[in-house]
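Residue numbers (the numbering used here), protein chains in the order written: chain P, 230 to 481; chain X, 9 to 301; chain V, -5 to 352.
One should not assume that every hint holds.
Said to hold, decoys possible - Only part of the chain X face toward chain P is listed, based on derived beta-carbon distances under 10 angstroms:
{"id": "1", "residue": "Gln172"}
{"id": "2", "residue": "Glu178"}
{"id": "3", "residue": "Asn179"}
{"id": "4", "residue": "Met182"}
{"id": "5", "residue": "Val186"}
{"id": "6", "residue": "Val188"}
{"id": "7", "residue": "Leu256"}
Claimed, not checked - Computed list of lysine-lysine pairs in DSSO-like fashion (alpha-carbon distance at most 30 angstroms, straight line):
{"id": "8", "chain 1": "P", "residue 1": "Lys290", "chain 2": "P", "residue 2": "Lys412"}
{"id": "9", "chain 1": "P", "residue 1": "Lys290", "chain 2": "P", "residue 2": "Lys385"}
{"id": "10", "chain 1": "X", "residue 1": "Lys168", "chain 2": "P", "residue 2": "Lys336"}
{"id": "11", "chain 1": "P", "residue 1": "Lys385", "chain 2": "P", "residue 2": "Lys403"}
{"id": "12", "chain 1": "P", "residue 1": "Lys412", "chain 2": "P", "residue 2": "Lys336"}
{"id": "13", "chain 1": "X", "residue 1": "Lys168", "chain 2": "P", "residue 2": "Lys385"}
Since the hints were derived computationally from the structure, they do not count as laboratory data. For each residue, glycine too, the CB sits at the ideal point set by N, CA and C.
Here are the chains, one letter per residue:
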Amino acid sequence: MNHLQIDNLTVVYGAVRAIAGISIHVRQGETVALIGPNGAGKTSLLFTVAGVVAPRSGTIKVNDRDLAGMSAEARVANGISVVPENREVFTKLNVHENLLVGASLRKDRAAIQADTDRMYTLFPRLAERRQHMAGFLSGGEQQMLAIARALMAHPKLLMLDEPSLGLAPVVTDKVYEAIGELKKGGTSILLVEQNSERAFAVSDRAYLMQAGRLVAEGAPAQLAQDGIVEQTLFGRAAARIVGTPNNIQVTP
Amino acid sequence: MNALQMLIDAASVGGLYALTALGLGLIFGVIGLVNFAYGEYIMVGAYVLLLTAGVHWPFAILAVLIFVILFALASDWLVFRQVRRAQPETLMIVSFGLSFMIQHLYVVLFGSLTRTVNFLPEINRSIEIGGLRVAGVSILQIAATIILTTALALVINYTKIGYQMRAVSENPRMARLVGVNSNRIVAAAFAISAVLAVTVTVLFVAQTGSMTPFFGVSLTMIGFVATVIGGLGSLPGCALGGFLVGALTTLLQMMLPSHLQPFREAFVFAAVIIVLLVRPQGLIAVRSAWERV
Amino acid sequence: MPAKPTSTPGEILRFLAPLAVWILVLVVLTFTLSSISPAMSRIVTDTLIKLVMVTGLYIFIGNSGILSFGHGAFLIVSAYASAWLTIPPMMKKVILPGLPAFLQTVHLDPVLGLLGGIVLAVLLALVIGIPLMRLSGIAASIATFAFFVVISVIYNNWTGWTKGTASLVGLPVYVGPKVALLAACVALLVAWLFQRSSYGLLLRATREDLVAARASGIPAERLRLLAFVLSAAVAALGGALWGHYNGALTTANNVYLNLSFTIIAMLVVGGVRSLSGMVVGTLALSLVAEVFRRLEIGIDVFGQTLVLPGGSREVLLGFCMLLALILRPEGLTRGRELSFSKRKSPPLAATQIVEAAR
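The task is simple: from the sequences and hints, build the whole structure.
See the structure below:
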């Protein structure tokens, strides 16, 4: 039984087809990378699983349970959390309140207290800033806060959307260190990245996505060797430069 | 002495306006809805007092409280939730339509003429404090404003429901993504705004003893004025705006020559336009309701 | 989409086609329905005058995207101005002794009275619009509402000039289905030409993205002011005709608030974003209102007389509007215009797709 099983998912916004019949899965405790250029539909995929975007067709199952019709907050209660691309911390709440909002579904005050303490140990920077408005944090701190906030809900399946985006390499190290910790703790992780090198280093498997479709799937090492990653990412870039559709083939 | 008397008048009238403005500002802050139907929460409560005339007053107030909270929740559930993701302008039109519909429903039920009820006439008796004659209802108005404003500030700033409200206010989608039940939080905001509306109803009816299906509108208009002057969405601003409008009304009442008295409201609304032009963001410029008090 | 009328006859025809179709529909409806009975003819007139008002409102709201609750003020101002200018001096001396000598003696032709009403509304729109058009969004809406309240409080209490909540009578009644039809066609033409002019297009750009439009050098305030003044003129036309259709004016029972509500509802139910939507909304709600009015008078159903209590018309009107907004937030026509080219006209702006994705 796969932890997350997506079959034939299609997502449409108005006249735009963001995802065109994708099937992917994440096994229990596995870390899976989802790589693709801008506009490939990665973010749409995460938001569909998280329940804030409704699919046109297809099924999403978590531990064999169909999520169709389940509200976003109920999905969180079922162990699915997402750390969105631009962090989306609550800028007008302080760091501590952001963590508490992350524990909205829980009632056990003592355990919540213990968890916030655990987050402050995991991310000492946040401890120093616990009374600061989240809007005043640096990008890296906001990323840590967004991850910590998601962890407050005790996710079994964590989806991260470009956690390294816009961060200095040193800060990215920190973030990936934390992802490594989570992986060790047995959390299943779906990791969306453009930074394939980083993502492959922690992943067990990877999918390549382009224009709403899967392009390739396999072990990270295998994909890295094939050169198909470059083709997916840079083929799109080359296409944009000459202004032609993105199905152009670039020989590596 | 005269100035002090005026100050008390301004504070008691302003208190009523501040409470109205807070109820409006709270809903605006949480879901960006300019709720014209808020006046109807105030109005339907008055008719509950009319229907429960003769009932011992604490029970009458309890009946109003229950009815108006349910009414506000129903308006959210049946109407506003259906258009939750619409543009602010659409939301405003929807609430305008709801308000219009409820008013005329009450015209059908109770007629459009003024109805009177003798509710708690005792509190209109004046008390002498150090040479000043102060109506009991004025004291109640000032006290209710202070207590409810403080309570609201505490709830927003220091409780679980408070920070969840602030989270929904800032980013409703992200709030849901971390497990906040936003429908419940919005419902809580409606319930709180209903409590504020009930306070206004009880104080207003006790003071004037009369009602029409349209009296909520005028109060809401003044509440809007107050929220706009104070800064749409800033709760301290709402309270401040309420008191300022109260002061302005009292001042106009004293200063305007008698033949201009009927135009008082025009002056107040002209003031709103001026404030909006000078400071479109209101006197207290905040983007969200939830800056710390 | 042509920004200005182009030269070849075919293109001009295509440019005017959606407008021409609506005008044809109105002409046919007016002549067939108003020949049925005098009562029907009154309903037709009433609907056409409301269409003029809605068109006025549409010129501003539809193009600028700013919701105005203030256009009721222009209805009031022009209706009373036209009344002052056209009521016979003999009557004015009796019913409006408070009027100044100049207005006491003046007695203009109805057309000039109409123009007088429009001119006053235009001046007012200029004066209030210059400062107000700097505002956007909710602040702008509330300011226009405050403006409406100011004007309506003044006219309500300025009894020497307006008789306030009492009735001001003696207006020459010259508005029937044909006059109303002519006015509606003029209004629609003005709206269509403005919408298709380069001014209209630029203003619509500010509606979609104000910051981007400003950054491209579009003078948003001035375009809004232009639309505001134009829309005030058209609304004022409707307001003045309204007085000369009823023969009397009053500010009692929130008539102008209710009238404002009705025309906003018509606009919103049909869809604020297109002329076709506005026409459809007006016709649809007029039909609904008429059905309810009949029900309030009482109709026979299987030998039983079914009568709705007074006021229920407004309740049901409000209900229809809510239902329409909940089921079709974009309006009945979803912002589309009638189209005669093979391509479907784009129903949604790109921003709305982004909105849907949020």
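Interface hint check: methionine 182(X), Cβ to nearest Cβ on chain P, cutoff 10 angstroms. Holds or violated? holds (4 angstroms)
Would you check whether leucine 256(X) satisfies its interface hint, that is, whether its CB is within less than 10 angstroms of any CB in chain P? violated (31 angstroms)
Residue hint valine 188(X), partner chain P, criterion CB-CB below 10 angstroms: This hint holds: valine 188(X) lies near chain P, its Cβ roughly 5 angstroms from the closest one there, short of 10 angstroms.
Would the pair lysine 412(P) and lysine 336(P) pass a check requiring their Cα atoms to be no farther apart than 30 angstroms? holds (26 angstroms)
Do the alpha carbons of lysine 290(P) and lysine 412(P) lie within 30 angstroms of each other, as the hint requires? With Cα atoms ~21 angstroms apart, lysine 290(P) and lysine 412(P) stay inside 30 angstroms; holds.
Does lysine 290(P) pair with lysine 385(P) here, judged by a C-alpha cut-off of 30 angstroms? Answer holds: lysine 290(P) to lysine 385(P) is near 14 angstroms, not above 30 angstroms.
Given pair status - lysine 336(P), lysine 168(X), alpha carbons within 30 angstroms: holds (11 angstroms)
Given glutamate 178(X) as an interface hint, is its Cβ closer than 10 angstroms to any Cβ of chain P? holds (5 angstroms)
Hint check: is the beta carbon of glutamine 172(X) less than 10 angstroms from a beta carbon of chain P? holds (6 angstroms)
Using Cβ atoms only, decide whether valine 186(X) comes closer than 10 angstroms to chain P, and label the hint accordingly. Because about 5 angstroms separates valine 186(X) from the closest Cβ in chain P, which is inside the 10 angstroms limit, the hint holds.
Holds or violated: is the Cβ of asparagine 179(X) closer than 10 angstroms to a Cβ in chain P? holds (6 angstroms)
CA of lysine 168(X) to CA of lysine 385(P), is that 30 angstroms or under? holds (24 angstroms)
Hint 7 from the list above is the single one not met by this structure.
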